[in-house]
Amino acid sequence: MSKRIFNLYVMNIFLSGLPYYFVTMLLLKHLGFSFTEIASLSVITELCGSVFDIPLSVISSKFGYKKILVISNFLLILALSCLLFGKSNIIYISAISFGLSESLSSGVLNAYNFEIIDDEVVYKSFLKYLNTIKYVFIAIVTIISPYLLNRNFSYPIIISIVFVVLSQLSLIGLPEIRNTLNNDQKIFSIDNVKDIPWNLILLGVAFSTLIMISNSYAGIFLNEQGLSLDMLGIVLFMFNISMALGSYLKIKFKISLVLPILAIFMFFQTNLFIQIITFLLMRILNSSYNNHFYSKFNMSIEKNRAVSWSVYNLFISISFMVADFLGGIFADNFSIRSNYLIFGTVSLFCLVFFSFSNREKRT
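This note's numbering applies: residue 21 is where the sequence shown begins, and numbers increase by one.
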């Protein structure tokens, strides 16, 4: 393995497994914030991430992907460090910094990984092993994060900062990537908008929203079905391991697209064991789908990958906010399982549209 690929692995893995991510709600409650305050902070972060996402990605094309990621990591360290002051007005600096860090890295990171490797076959192999290791790492961090928080609220924060520093050091060892434009070319134009793979964006947003809803409600859904909290921790660990397995297995893209059907099946299923098996299958297909989607999305973009990824992430953010709101209404007024039917059906319709649009392009 080359030093460049090794640095890419380290940078991505440590950024994905910050202990803070897995105890955010518990940590903020421990610091004395109400649910309303926590929701307000989340909205600030989401808004900063959404509003600045595309403009910052446009700038990154000329400024340099590596420099943007370095700044993003510094903002992430600032955001985490502000949490060490406990409940104070500094928390708003933290929320804004989280949002700006996310907006800087969201479109750039995926583009940077692809541009550094610059080979479709090698990139697919890289994604396969990266996500396999990443999901195992996340599974381990998921287990130890509540324990760290129980010992001292600062432990998850400090370890998260250490992880970001390690990621930053690996990033420093990687080369810079810039878009090379002719003098008469603009960084971003209407032509760039036309080049964005909108059919893939529609599919990706629908599937990512379904996956988000499924993952968000899986724990409480299984608990309502009679699974004890002690067993739930083990099952959630199995979910993460199944993600690693799905990333490693050679599953065809077409097979991973049955996710909406499994979600709809979940609505009609009442057997706890079969529900757990179905969730495990969904996680396996989820990680396989992610690998295929990242590769297809990058290969379908000829110009300005960072901007295209940022457009995708902007629609993801909007979809997640709407889905969170509607998902709560559906769960309160109908049942949690209704979310699997509704969002599964929407994703299935988007999949049908995607399939027909691809056929038209071929003909």
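Rather than coming from a laboratory, the hints here were simulated on the basis of the structure.
Any given hint might turn out to be false.
Unchecked claim - Computed beta-carbon distance windows for the label pairs:
{"hint": "1", "residue 1": "Y167", "residue 2": "M258", "range": "17 to 27 Å"}
{"hint": "2", "residue 1": "F345", "residue 2": "S54", "range": "14 to 24 Å"}
{"hint": "3", "residue 1": "H50", "residue 2": "V182", "range": "15 to 25 Å"}
{"hint": "4", "residue 1": "F376", "residue 2": "V141", "range": "23 to 33 Å"}
{"hint": "5", "residue 1": "T56", "residue 2": "F94", "range": "23 to 33 Å"}
{"hint": "6", "residue 1": "S145", "residue 2": "M258", "range": "23 to 33 Å"}
{"hint": "7", "residue 1": "N291", "residue 2": "I163", "range": "38 to 48 Å"}
{"hint": "8", "residue 1": "I254", "residue 2": "F287", "range": "18 to 28 Å"}
Just so you know, even glycine gets a beta-carbon here, dropped at the ideal spot from N, CA and C.
Results for each hint:
Separation of Y167 from M258 is about 19 Å and conforms to the stated range, judged on CB atoms against 17 to 27 Å. For F345 and S54, the hinted distance range of 14 to 24 Å is satisfied, since their beta carbons lie about 19 Å from each other. Against the hinted window of 15 to 25 Å, the Cβ-Cβ separation of H50 and V182 comes to about 20 Å, which satisfies the hint. With their beta carbons about 29 Å apart, F376 and V141 fall inside the hinted range of 23 to 33 Å.
Range check, T56 to F94: Cβ separation about 30 Å, and the 23 to 33 Å hint holds. The beta-carbon spacing between S145 and M258, approximately 26 Å, falls within the hinted interval of 23 to 33 Å. The hinted window of 38 to 48 Å between N291 and I163 is violated, with their beta carbons roughly 27 Å apart. Between I254 and F287 the Cβ separation comes to about 25 Å, which falls inside the hinted range of 18 to 28 Å.
When the structure is compared with the earlier hints, a violation turns up for hint 7 alone.
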